[in-house]
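Residue numbers (the numbering used here), protein chains in the order written: chain A, -14 to 230; chain B, -14 to 230; chain C, -7 to 349; chain D, -7 to 349; chain E, 34 to 111; chain F, 34 to 111; chain G, -12 to 166; chain H, -12 to 166.
Because the hints were derived from the structure by calculation, they are not lab data.
Treat each hint with caution, since some may be false.
[Claimed, not checked] Taking lysine to aspartate or glutamate and the EDC-like style, the derived pairs with C-alpha atoms no more than 16 Å apart in a straight line are:
hint : chain 1 : residue 1 : chain 2 : residue 2
1    : E       : 70        : G       : 141
2    : E       : 44        : A       : -2
3    : G       : 103       : E       : 67
4    : C       : 336       : G       : 52
5    : B       : -8        : F       : 100
6    : A       : 168       : A       : 215
7    : B       : -8        : F       : 39
8    : G       : 67        : D       : 213
9    : A       : -8        : A       : 46
10   : D       : 294       : D       : 244
11   : H       : 140       : H       : 151
12   : D       : 212       : A       : 215
13   : F       : 70        : H       : 87
14   : C       : 298       : C       : 243
15   : D       : 272       : D       : 228
16   : C       : 340       : G       : 52
17   : G       : 112       : G       : 148
18   : F       : 46        : B       : -2
19   : H       : 126       : H       : 87
20   : F       : 70        : H       : 66
21   : D       : 340       : H       : 52
22   : C       : 186       : C       : 234
23   : H       : 86        : F       : 100
24   : E       : 70        : G       : 66
25   : H       : 103       : F       : 67
26   : E       : 46        : A       : -2
27   : A       : -8        : E       : 100
28   : D       : 272       : D       : 261
29   : C       : 0         : G       : 43
30   : H       : 74        : H       : 55
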Amino acid sequence: MINKFTKPASLREVSTHYCPGCGHGILHRLVAEVIDELNLRGKIIGVAPVGCAVVAYDYWDFDVSEAAHGRALAVATGIKRCRPQNIVFTYQGDGDLVSIGMAETMHAANRGENVTCIFVNNACYGMTGGQMAPTTLVGQPTVTTPWGRNPKYGEGWPIKLSEILAGLEGVNFAVRSSVSNPKQIMQTREHIKKAFLNQIEGKGFSIVEVLSPCPTVWQKSPTDAMKWIDEEMVKTFPLGIIKNI
Amino acid sequence: MINKFTKPASLREVSTHYCPGCGHGILHRLVAEVIDELNLRGKIIGVAPVGCAVVAYDYWDFDVSEAAHGRALAVATGIKRCRPQNIVFTYQGDGDLVSIGMAETMHAANRGENVTCIFVNNACYGMTGGQMAPTTLVGQPTVTTPWGRNPKYGEGWPIKLSEILAGLEGVNFAVRSSVSNPKQIMQTREHIKKAFLNQIEGKGFSIVEVLSPCPTVWQKSPTDAMKWIDEEMVKTFPLGIIKNI
Amino acid sequence: MKKIKVTKILMSGNEAMAEAAIKAGCFFYAGYPITPQNEIPSYMAKRMRELGRVFIQAESELAAINMIFGAAATGVRSLTSSSSPGVSLKQEGISYIAGAQLPAVIINVMRGGPGLGNIASSQSDYFQSTRGGGHGDYYTPVLAPSSPEEAAKLVLLGFDMADFYRTPVLILADAIVGQMMEGVEFSSKSEFKKKLPPKNWALTGASNRPANIAKSFFLKEGALEAHNERLREKWEKIKQNEQRSSTYKTEDAKYLIVAYGSEARIAQEAVDMLRAKKIKAGLFRPITLWPYPEKNLKAVSKNIKKVFVVEQSLGQMVEDVRLSIPYKEIHFLGKSGGGIPLAKEIVKFVEKVTRNK
Amino acid sequence: MKKIKVTKILMSGNEAMAEAAIKAGCFFYAGYPITPQNEIPSYMAKRMRELGRVFIQAESELAAINMIFGAAATGVRSLTSSSSPGVSLKQEGISYIAGAQLPAVIINVMRGGPGLGNIASSQSDYFQSTRGGGHGDYYTPVLAPSSPEEAAKLVLLGFDMADFYRTPVLILADAIVGQMMEGVEFSSKSEFKKKLPPKNWALTGASNRPANIAKSFFLKEGALEAHNERLREKWEKIKQNEQRSSTYKTEDAKYLIVAYGSEARIAQEAVDMLRAKKIKAGLFRPITLWPYPEKNLKAVSKNIKKVFVVEQSLGQMVEDVRLSIPYKEIHFLGKSGGGIPLAKEIVKFVEKVTRNK
Amino acid sequence: MTNSFEVSIQKDKCKGCQLCVYFCPAKHLEASPDSNKRGVKYVIKKEASKCSGCGFCFLVCPDCCIEVLGVTKIEDRE
Amino acid sequence: MTNSFEVSIQKDKCKGCQLCVYFCPAKHLEASPDSNKRGVKYVIKKEASKCSGCGFCFLVCPDCCIEVLGVTKIEDRE
Amino acid sequence: MTLNILLSGFGGQGLMSLGKLVATAAIREGKFATYFPSYGPEVRGGTAYCFVRVADSPISSPLIDSPDAAILLNQQSIDKFKAMFSKKCFLILNSDLVKDKSQIKTKEVVSLALNKIALESGNIKCANVAALGALLKLKPGILKQSTIVEIIKEIFCNNKELLDQNIKALHKGEKNANC
Amino acid sequence: MTLNILLSGFGGQGLMSLGKLVATAAIREGKFATYFPSYGPEVRGGTAYCFVRVADSPISSPLIDSPDAAILLNQQSIDKFKAMFSKKCFLILNSDLVKDKSQIKTKEVVSLALNKIALESGNIKCANVAALGALLKLKPGILKQSTIVEIIKEIFCNNKELLDQNIKALHKGEKNANC
Ligand SMILES: Cc1ncc(C[n+]2csc(CCOP(=O)(O)OP(=O)(O)O)c2C)c(N)n1
Ligand SMILES: Cc1ncc(C[n+]2csc(CCOP(=O)(O)OP(=O)(O)O)c2C)c(N)n1
Ligand code: SF4
Ligand code: SF4
Ligand code: SF4
Ligand code: SF4
Ligand code: SF4
Ligand code: SF4
Ligand SMILES: [Mg+2]
Ligand SMILES: [Mg+2]
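The following block holds chain A by itself, in its conformation from the complex (with noise of 0.2 Å):
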């Protein structure tokens, strides 16, 4: 349980470009908190997406490198492999994780790259103005799918990346939380520390999946955003471990 109520001194003093309600504010600030209290902040280096996050930098006060969209793994890879002693962490969309990005993710997690992927599944593309995302629900309607995602049009089936990563020998923890009440995001907290924790202890590839509400492109109201993950979106991703070895 916390008991800091304070803005941790990894998460700077400014405004977010973020929509009002915007899961990545909270999630931003919960990996903030974990490197204050794991006392990371002279050891982590992030790796920042493409996507409505791709200015993390702007907001978290340590080392970060940008990445192609779609490619923060491999640049994960990169840095880790050449600072094995540091705590190397990427922060990637569905759209960047999961779409573009799917080779990257499948070969880092495969080669049991000793780093943690914070996957924040919004089922959309918020950067770009509410495109489908792999994790757009079924029926879900978005700027691409207008009349609601349809497998029967080719438009695919909601892929569950947690799911198939955690069937890779080189993956030693998935999991799926959220941040749409506190109990979840007291949750995800404990999920992003533990990553890092089997990152200290050279366990390999851990995954943190992070539904994570985008009232903007959903069309939603924040807090019906939080009601919509925690009513629609837990039954295509259901919360908890899937893998922790």
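Let chain A serve as the given structure and place chains B, C, D, E, F, G and H with the ligands on it in line with the hints.
Same frame as chain A, now just chains B, C, D, E, F, G and H with the ligands:
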């Protein structure tokens, strides 16, 4: 049971560039046999990979498209969507399908593209002279893993692609056989036939994985290569039907 | 006052290009979202489905361009669109399509680079576009619209050129052209007048004919060299036939501004401002960037004293101007990374240079 | 007879470049197999592991170049290598590395294109290499070796230039240089004499210092423009400082052949053959393709009557020759797709042109 | 021992998403009637502090503009 | 009814991989003492035909240079 | 005749729609128009604005160095664009959100409680159209009100309530506009 | 002195190794040498060949238009390269695999049963070295036999049997070579 042991019409009467004992030759013939049997020569469109089978179109006598390395399933998607009345298949090596093509592979399967993927798993890169493939066995030496593939050195584990694809809803048929003995060869023929028939029925994505000898890279005689499949390779890549709906 | 026909509808360049593709009979679209061209996939997602044609949101630009390879190989008209970083990812695929001589249209709505850069307007993919950014000896026709209406027109033209020459055609728009809205009237046919050949090379199933192969690989010694020689002849033919440009107040001009795309509109404003100051300026606007309209540029610049090349880049098209009219005095004004040389800045630049002599 | 030191060892260009990288202290290699450069990853797979450094066979060229981004961001020396189609796939990544100002060396051992083409020697990625084949306004130094020994030398130089200027450096070899073997003697230090700056921008963990960021994205209005202006100044500096070339029998030459890489060796043979026929030919060989050695070319061509550019391509470097010495009579001889202009063909070509006048 | 809790809100950082309002079990927070610099109805505390110090508002705030400080009352100190 | 089988081998297409030899249950095939155009010891049939017509040689041949034709003897025809 | 207009405010205040409305009306009247927006969700949280040029003859650049008129619905818009305004620029401000006018040096400034007017019309989102109403009145001869009404009717043909609110706001804006 | 040699045969006949051996020896003797192979498993099933140039002064091109000498271990090599051979080109043929010499127009042709010689030396794979033995004898002054022997010894320093076989083949090739 086959009762005709003569060259199928869809296979041209030419010599291939394959090494003695290479599995590609057997598999080329099987594909041609099924096409003849199902009377598909006027309907089939193949997609050749970049890999040793790059000039498969010189050996088959039906319409074939080239595809950039790893992108055969993207090319096949383009073809099939424009010509749903045709039967479309890709023929891809492990490097092509599982390494560089991982993203295209996963997504074509997840979209449930109504195509057939024939996956020639020879546990190495043949064309480029014997580098590690995603399917290279643990301990197997290659040009780029001279001391044998070792997950401890971050070289990863053999990826079981068919099992992974079987987990996707777009996939209706996933199966693994080999061309390492007459029985398995006939089995493989049946799998290809089933996959084409599924496509005719509009069932979606099928993958037929075939363990195939590469005596040159494995530095084994052709017969020893066949034995190695039956004795070693099947331990990592068990034969049989993985998904069939 | 010249009255415009009220049949025009207000449309962005992106929407106009999408609609033009549909009017051109484009049957297959595959693309991946990226600003500032997202209006194209959005538009296509709706309209293509409504028309029973194919729209695919591909998993990446790489997948998209290779889907185009497949679709084009079946003989249908196919389109992909993206913006700078995404177009870099398509370079291998474009090289393949050029090598395999397949027709396709590729739209690049340029943004600021290098790297992730930004999403502002830019013209810094000129080199990549005009000199085969992919590997190997190839060119693609590059059409550069300067308005939504022209963008639509060039998409129509692009599909015809692609089919006629069996080549990928690039529409090189900048973010301003893609994002701005203006009245658009669609023509039903392109200005391309040559008869399009039948696509008997297409992959449709080898029913009652020998097998067709779509490929860019030529293993046999000398085969690729011979193939490339045929390609060279094709590029030569395109160079002869397809140079396009337009001019503004060049008849009596002493100073020539050369600019394309949205920058040409800004330069046109500068020409008017210079004329108002009694400086005889004119504008040369290339419409085809490859082949570069060197014939016209040579002719137009005959009596020109000084040439001013203005780009939303650090200087790329200026090389083609130098190559076309090496004997002329050529000055360059450019801004990069989303910087736009404004009309007043062009005026100032021209004044400064002309005053110096 | 000039005796060569017996310390030379027989090595292919590919091996020599790999070994040179190791000698340069390269700590990280990531690459993906492709002919004709497979000897580089093979060599690195063994040696890097033996030395406790990092070798990764990446899942693709795309992954490899982005791993390089990460490795370079930590401040280590890093290398990737590939051949033409694979290098096309790296274009987005190279643009990012250039934008983020990270040092890295990228080897391209060119083969025939476009598309899958073939695996024969070619020089048709010149445009892509010298004009930022990726999107956006950027250049990378391009070093073109013509022998295994020089290839090794240029890899050493490349790493120093990369570190000094914080830029990706391209080694542009052709398949002949990569595959041929010759005696190689390694120098321990590069000819680069400037002091290398400390890498205090590197990502190493923000321990007792402000956070470092590796990025090419500049969202704020005007920020990218300002960044690109700094890049422009850097390219300008490189252009001033780093032009490199060599000459052969140019002192009294009337006819100048310009060629690079393996073709320069062939052209050198042609020069000797022409000299034997009393035709005063000489050779100008650019070593840096970007920046193009225009200063030297201008100087060398001063008394030259005719210039002959010879390439294993349909004509790419010839544009830089035209831009450098536009007032000269320039002729082009090229073959593409694996065709190699042979010495006797060059001789014939020169004779034909010179006889015509 | 009784503690009281101090909830501090950065008015101009608040984006008015109302998540804190929604999740506060004590109904201690509400939207202000007027807008801040951003033009949004930022969050304010209600008069009487019913705050339990649960920190939910802090946890759910995407913009880290609410902090909860535990104030141990002086009389309860040793 | 007795059948006999005709095994036909295309000498110069054979790459000498010996897979047919290895898999022939009847041991009807063997490597020739001399080389074909390719410089490899191609496969030949042994004198006395013990071939059962199983087709294994056809099935395993990567180069499709063995074919097996079932010959129904004339005396067995109706 | 040429009029260069800048429309700026928070995202959600409807300036983009307003710009398109103006450009559409111009075309409808046989005039020429260009519209150039700030774009891209990649720039979230900032000020949304667009340039609209209306003219009797073809328009070259869609960009505007220095507008003839501007509708500024929030304070940030003034901070962002103040350097652009020449003395002659005509400004319509939303006094409900623009509190600090000290940086404005232009001569003609009209401050209207546009939020209030919008709310009175039944919908806070109509502040944009109210501003247009004022502009049409104060800068006559650009566009006919009837054209604007015609297009608003087309846009909201399926929603009577919104239609009424917008028409009301247009008229209210006009009525309240006194230079 | 310059000697341009073409070495060609089936893959597996060891022509590439032979080419490297010759080039290494040249360098060892302080000469210059270039070696350029056919390469790439992408061209499987074809003829494997390489060009070796040996000279006293730096060598420009590693390519050879028209060799001074060629070792051709199979029929296909003749079919492939026949157009290259000038009248003066010196040929060493493997009579065990070259059956049709009708296309050869050069003056100096030495046919040796190289497979047989190799087998007699204990290893069919030594045909390459046997050919070299013959070349060294018939074209004296290029390279010293002692240098070749020295390098063969280095190559097979860990395998006495192969070493002996190769040395034997070298000598046998020399002995059998009579023009
Ligand atoms: C190569 C490339 N393709 C496309 C884009 C455009 N783009 C930016 S972010 C993004 C996807 C964002 O979605 P996601 O990764 O889910 O992140 P989110 O914004 O939802 O957090 C895309 C397609 C790009 N910048 N680069
Ligand atoms: C973009 C690109 N990268 C690399 C190559 C080189 N390449 C050709 S085939 C191949 C891999 C072959 O392996 P696999 O797919 O397993 O086929 P196999 O030869 O084993 O049948 C590679 C890396 C290429 N042609 N294009
Ligand atoms: S678009 Fe969605 S993900 Fe992006 S900042 Fe807005 S709410 Fe967050
Ligand atoms: S290298 Fe292997 S896969 Fe390629 S042709 Fe030879 S045996 Fe077959
Ligand atoms: S700490 Fe808990 S009770 Fe207090 S204001 Fe925050 S949410 Fe409400
Ligand atoms: S959660 Fe934060 S941003 Fe949202 S209303 Fe509350 S204080 Fe404001
Ligand atoms: S058909 Fe069967 S028995 Fe006859 S030769 Fe072939 S493998 Fe042997
Ligand atoms: S299997 Fe075929 S290629 Fe192999 S030896 Fe037998 S006939 Fe020859
Ligand atoms: Mg997302
Ligand atoms: Mg393989």
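Okay, the hints, checked on the actual structure:
1. E:70 / G:141: Distance of about 35 Å is beyond 16 Å: violated.
2. E:44 / A:-2: 14 Å, holds
3. G:103 / E:67: Holds, at roughly 13 Å.
4. C:336 / G:52: Distance ~9 Å between residue 336 of chain C and residue 52 of chain G Cα, so the pair holds.
5. B:-8 / F:100: Holds: residue -8 of chain B and residue 100 of chain F sit about 7 Å apart, inside 16 Å.
6. A:168 / A:215: 12 Å, holds
7. B:-8 / F:39: Satisfied, since the Cα-Cα distance of roughly 14 Å is no more than 16 Å.
8. G:67 / D:213: 11 Å, holds
9. A:-8 / A:46: This hinted pair holds, its Cα atoms lying about 12 Å apart.
10. D:294 / D:244: 11 Å, holds
11. H:140 / H:151: 9 Å, holds
12. D:212 / A:215: Since the Cα atoms of residue 212 of chain D and residue 215 of chain A sit roughly 36 Å apart, the hinted pair is violated (cutoff 16 Å).
13. F:70 / H:87: Roughly 12 Å separates the two Cα atoms, so the pair holds.
14. C:298 / C:243: Distance of about 15 Å is within 16 Å: holds.
15. D:272 / D:228: 35 Å, violated
16. C:340 / G:52: This hinted pair holds, its Cα atoms lying about 14 Å apart.
17. G:112 / G:148: 13 Å, holds
18. F:46 / B:-2: Satisfied, since the Cα-Cα distance of roughly 10 Å is no more than 16 Å.
19. H:126 / H:87: The hint is violated at about 25 Å.
20. F:70 / H:66: Roughly 12 Å between the alpha carbons, so the hint for residue 70 of chain F and residue 66 of chain H holds.
21. D:340 / H:52: 14 Å, holds
22. C:186 / C:234: The hint holds at about 12 Å.
23. H:86 / F:100: Not satisfied, since the Cα-Cα distance of roughly 29 Å exceeds 16 Å.
24. E:70 / G:66: 12 Å, holds
25. H:103 / F:67: 13 Å, holds
26. E:46 / A:-2: 10 Å, holds
27. A:-8 / E:100: 7 Å, holds
28. D:272 / D:261: 13 Å, holds
29. C:0 / G:43: 15 Å, holds
30. H:74 / H:55: Status holds; Cα separation ~10 Å.
The structure is inconsistent with the numbered hints 1, 12, 15, 19, 23, although it conforms to all the rest.
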